[in-house]
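Chains as they are written, first to last, in my numbering: chain A, 1 to 162; chain B, 1 to 76.
Treat the hints as calculated values from the structure; they're not laboratory data. Some hints could be false.
Here are a few chain B residues that face chain A, going by a calculated C-beta distance under 10 Å [claimed, not checked]: (1) 12; (2) 13; (3) 15; (4) 17; (5) 20; (6) 22; (7) 23; (8) 24; (9) 26; (10) 31; (11) 32; (12) 33; (13) 41; (14) 50; (15) 56.
Which residues of chain B face chain A? A partial, calculated answer using Cβ under 10 Å [claimed, not checked]: (16) 16; (17) 19; (18) 46; (19) 47; (20) 51; (21) 54; (22) 59; (23) 62.
Under the rule of at most 27 Å between Cα atoms (straight-line distance), these lysine-lysine pairs were calculated in the DSSO-like manner [said to hold, decoys possible]: (24) B:24 x A:20; (25) A:4 x A:98; (26) A:76 x A:65; (27) B:24 x A:76; (28) B:24 x A:98.
Since the structure is predicted, the reported quantities are computational estimates derived from the model, not experimental observations. Even glycine gets a Cβ: it sits at the ideal position worked out from N, Cα and C.
This is what each chain is made of:
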Amino acid sequence: MQEKDPEMMTIIAFSGDLDKLWPTMILSSTAAANGMDVAVFYTFWGLFPLVRDDVRFTGNDAMTKMLAGMNAPGMKKAHLSKLKMAGMGRWMMRKVAKKNNLMAPEDLFAMGQEMGVQMWPCQMTMDLLGIEADQMVDGLGPPIGAATALARMSKSSISLFI
Amino acid sequence: MDTIDKVVDARGQNCPMPVLMAAKAAKELTSGQLMRIDATDNGARSDIPAWASQTGNELVESSEDQGVLSFVIRKK
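So here's chain A without its partners, still in its complex pose:
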């Protein structure tokens, strides 16, 4: 059996929720700071936060456009997984985070990229939701599929699904 690499971590970022983006960004950037080889695979709802904040709508037909309308793309527009309260929860959480000097997920994401975290968008989700490569933030790795993610997870001593 193949040995797992203690210096390798892979995160599947499935949820696009604000309160789950935080642990994803904190753990990935810190692992890179610890010298680990880190990759984050963004899939399903997790792909929306990779859309640039200035892109208002994604989607290539009525359905996918409606989905993007109900779930605004962009990391700054991410909602909490609970206490949504029509956007109040997100606003309060960001306020509290700022007050306590916790960096915003988008800033931790940029730090992670700077530290060498590989950010991989899921090709299948891009097709499914009609999200184009040019609608996403810069510095991402090539779009990949489940087999590539699994091949990496099988070697990573730490694999997380967030």
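With chain A held as given, fit chain B onto it using these hints.
For chain B alone, kept in the frame of chain A given last:
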């Protein structure tokens, strides 16, 4: 005590910033050089030593003065 080659001021920063700032600063040092990290985040008490041991950098000294934690690290 040898001279400190770099001081990282992470006071007021919260997890995981002190570690990220330390890692960034360490990249600019050459092997054997010393840096000091000042932090007020209580999590840094365990996080900076954990980062040092994970990366192979040596924690030479740690101290606390009026709520400010200071760590001296020797670059691997």
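Evaluation of the provided hints:
{"no.": "1", "hint": "12", "verdict": "holds (6 Å)"}
{"no.": "2", "hint": "13", "verdict": "holds (6 Å)"}
{"no.": "3", "hint": "15", "verdict": "holds (7 Å)"}
{"no.": "4", "hint": "17", "verdict": "holds (6 Å)"}
{"no.": "5", "hint": "20", "verdict": "holds (5 Å)"}
{"no.": "6", "hint": "22", "verdict": "holds (7 Å)"}
{"no.": "7", "hint": "23", "verdict": "holds (3 Å)"}
{"no.": "8", "hint": "24", "verdict": "holds (8 Å)"}
{"no.": "9", "hint": "26", "verdict": "holds (9 Å)"}
{"no.": "10", "hint": "31", "verdict": "violated (15 Å)"}
{"no.": "11", "hint": "32", "verdict": "violated (18 Å)"}
{"no.": "12", "hint": "33", "verdict": "violated (17 Å)"}
{"no.": "13", "hint": "41", "verdict": "holds (8 Å)"}
{"no.": "14", "hint": "50", "verdict": "holds (8 Å)"}
{"no.": "15", "hint": "56", "verdict": "holds (8 Å)"}
{"no.": "16", "hint": "16", "verdict": "holds (4 Å)"}
{"no.": "17", "hint": "19", "verdict": "holds (5 Å)"}
{"no.": "18", "hint": "46", "verdict": "violated (13 Å)"}
{"no.": "19", "hint": "47", "verdict": "holds (8 Å)"}
{"no.": "20", "hint": "51", "verdict": "holds (6 Å)"}
{"no.": "21", "hint": "54", "verdict": "holds (4 Å)"}
{"no.": "22", "hint": "59", "verdict": "violated (14 Å)"}
{"no.": "23", "hint": "62", "verdict": "violated (18 Å)"}
{"no.": "24", "hint": "B:24 x A:20", "verdict": "holds (25 Å)"}
{"no.": "25", "hint": "A:4 x A:98", "verdict": "violated (38 Å)"}
{"no.": "26", "hint": "A:76 x A:65", "verdict": "holds (19 Å)"}
{"no.": "27", "hint": "B:24 x A:76", "verdict": "holds (25 Å)"}
{"no.": "28", "hint": "B:24 x A:98", "verdict": "holds (22 Å)"}
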